Amino acid sequence: MRAGFIAGEVWSGLRRNLSMALSVILVTMVSMFLLGLGLLAQRQADTMKGYWYDRIQVSIYLCTDNSLQPNCQGQAATEAQEQSIRTQLEALPEVKAVFQESEEQAFERFKEQFRNSPITGNVQLGDIPQSFRVQLSDPTKYAVVTSQFERAPGVASVQDQEKVLKRFFQIINWITGFSVFLAGLMVICATLLMATTIRQAAFIRRREIGIMRLVGASNWTIRMPFILEMLVVATLGVALAVGMLWVGLRLIFNAGFNQVVLNKALIGAGDVWALTPWLFGGVIFIAVLTSVVTLRRYLRV
Amino acid sequence: MIRFDNVTKVYPRSTRPALSDVNVNVERGEFVFVVGPSGSGKSTLLRLALREERATSGTVLVAGQDLGSLSARKVPRFRREIGAVFQDFRLLPGKTVDQNVAFALQVIGKPSSAIRQLVPETLEMVGLEGKGKRLPHQLSGGEQQRVAIARAIVNKPQILLCDEPTGNLDPKISLDIVHLLDRVNRTGTTVVMATHDADTVNQLRRRVVQLDEGRIVRDEQHGTYLAPVVPEESPVEDPEAVEDAEVAEEIGDLDPERFGGEDR
Numbered sequence: 000m001r002a003g004f005i006a007g008e009v010w011s012g013l014r015r016n017l018s019m020a021l022s023v024i025l026v027t028m029v030s031m032f033l034l035g036l037g038l039l040a041q042r043q044a045d046t047m048k049g050y051w052y053d054r055i056q057v058s059i060y061l062c063t064d065n066s067l068q069p070n071c072q073g074q075a076a077t078e079a080q081e082q083s084i085r086t087q088l089e090a091l092p093e094v095k096a097v098f099q100e101s102e103e104q105a106f107e108r109f110k111e112q113f114r115n116s117p118i119t120g121n122v123q124l125g126d127i128p129q130s131f132r133v134q135l136s137d138p139t140k141y142a143v144v145t146s147q148f149e150r151a152p153g154v155a156s157v158q159d160q161e162k163v164l165k166r167f168f169q170i171i172n173w174i175t176g177f178s179v180f181l182a183g184l185m186v187i188c189a190t191l192l193m194a195t196t197i198r199q200a201a202f203i204r205r206r207e208i209g210i211m212r213l214v215g216a217s218n219w220t221i222r223m224p225f226i227l228e229m230l231v232v233a234t235l236g237v238a239l240a241v242g243m244l245w246v247g248l249r250l251i252f253n254a255g256f257n258q259v260v261l262n263k264a265l266i267g268a269g270d271v272w273a274l275t276p277w278l279f280g281g282v283i284f285i286a287v288l289t290s291v292v293t294l295r296r297y298l299r300v
Numbered sequence: 000m001i002r003f004d005n006v007t008k009v010y011p012r013s014t015r016p017a018l019s020d021v022n023v024n025v026e027r028g029e030f031v032f033v034v035g036p037s038g039s040g041k042s043t044l045l046r047l048a049l050r051e052e053r054a055t056s057g058t059v060l061v062a063g064q065d066l067g068s069l070s071a072r073k074v075p076r077f078r079r080e081i082g083a084v085f086q087d088f089r090l091l092p093g094k095t096v097d098q099n100v101a102f103a104l105q106v107i108g109k110p111s112s113a114i115r116q117l118v119p120e121t122l123e124m125v126g127l128e129g130k131g132k133r134l135p136h137q138l139s140g141g142e143q144q145r146v147a148i149a150r151a152i153v154n155k156p157q158i159l160l161c162d163e164p165t166g167n168l169d170p171k172i173s174l175d176i177v178h179l180l181d182r183v184n185r186t187g188t189t190v191v192m193a194t195h196d197a198d199t200v201n202q203l204r205r206r207v208v209q210l211d212e213g214r215i216v217r218d219e220q221h222g223t224y225l226a227p228v229v230p231e232e233s234p235v236e237d238p239e240a241v242e243d244a245e246v247a248e249e250i251g252d253l254d255p256e257r258f259g260g261e262d263r
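Quick mapping for you: the protein sequence lines, in order, are chains Z and A. At position 226 of the first sequence the residue is numbered 225 (numbering that gives the first Met the number 0), and the sequence of numbers has no breaks. At position 30 of the second sequence the residue is numbered 29 (numbering that gives the first Met the number 0), and the sequence of numbers has no breaks.
Do not rely on the hints blindly, as some may be mistaken.
[Stated by the list, open to error] Now the in silico label distances, taken between C-beta atoms and shown as ranges:
no., chain 1, residue 1, chain 2, residue 2, range
1, Z, L25, A, L60, 34 to 40 Å
2, Z, I5, A, R115, 14 to 20 Å
3, Z, F180, A, L60, 56 to 62 Å
4, Z, I5, A, E219, 37 to 43 Å
5, A, Q64, Z, R15, 34 to 40 Å
In case anyone wonders, no lab produced these hints; they're calculated from the structure. Since we're looking at a predicted model, the values are computed, not measured. Glycine included, C-beta positions come from ideal geometry on N, C-alpha and C.
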């Protein structure tokens, strides 16, 4: 009975204040969408960093039979060349660690990295050459490795991943920063709007509140309809935001980007689900806190 | 049941105390009229007993609770022991009579089985059987006040506080309401009614406590209400209080027939 009664109060409250409820839903949706966007961008960056950053600063790709680089002269690197490169690398004081990646390993890694992308079907074993992945004790010293091995026999090319990734991560950081900043502003808007909505709802229901206090309703009974109302609208807002993030990621990001940008690990729907509890939790916290703080004035006995 | 010991109440931003050094003791089951002109402190007395206000000094004991030391958290539970009725009825216009009365039980978490039993029972007691489905605006003023009384007593409080319950009603209806309160009193509920309606007081001949400028000037069993003689030159410091009193007097002078519209 009590639950039914409170549900009835919540429903009538929402109906009486429909336009405000709608505006809270929309503002919550936009703020959480922006926040989600920022966090997803950060997760995208982390996904790539996690893969690339710690392991490789410089990749030395060895020649294959199909290598087009002039240094290879159309021949795969020999065992002896491989051995000599390894020895030289290990002798360099700037080098912290050397991993050799075979063609099979490179192919497996590629498949794992692009698990969300249809592109994996087009790549075959042998398309990615075997390589030495060199970790430097100081990533800025990549020039030493580059200059020493660029013309070495059996080396197709030397790539410094960090240089490329750095720029990319910087852009992602900008996107993150900007969207989190906007999200912050929107969260402030949402909070203020919630407070205004509650104040208005409390004003509309001041007779009810007065009578509740008179007959000895507990403060939580008086607060509950307001808090639940805010929870309903805020939760709807977050749900819409999560839906938009999911649709955006699946239909635009994953579907479009995977074809275009090949050598980056991409986030998927799982990352949206990972964010979801935090977005819901945050909004629920804000809604309850705002309700309780705003209603204090009406509950003073 | 209600005891005021040396109670003084000074409202903030006011120099004149609304009540000064009031001592009064109401026993369980008593019916007490609190009379006096507007601004004499009747409402303040009731507000203190309801713990809507706190005494500036002195002790207020109601239903076994010392309201001076009663924490805010315990106020709701305390108020469940007290019913209150006001001049302006304070009904919820969007709810039916049934719902208005049931509301008082719902918000304190009474089970619906109890509500289904108590609401019709109480409506019958106040003489509104068969009117449960009406909305407040479909009722006369007297009927609306009966709904308010039903709501106040539906939880069977020990005390019923009435602040000018007949202030908006014409004399005949007022008398009906006071007789209803008398019936409530006879079921064991302590009733305190503030009024400046001489007729109703004189009709019932119950205990009368008369206030004037915040002081008890008379307290007699089976008393009457003698129209207060306010000396013209009496110095009243608060200009607002003077204005209120004047307005109240003006309204009091008006022919009740002119308020007929209120009482369909």
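Outcome of the hint check:
no., hint, verdict
1, L25/Z / L60/A: 34 to 40 Å, "violated (54 Å)"
2, I5/Z / R115/A: 14 to 20 Å, "holds (18 Å)"
3, F180/Z / L60/A: 56 to 62 Å, "holds (59 Å)"
4, I5/Z / E219/A: 37 to 43 Å, "violated (49 Å)"
5, Q64/A / R15/Z: 34 to 40 Å, "holds (36 Å)"
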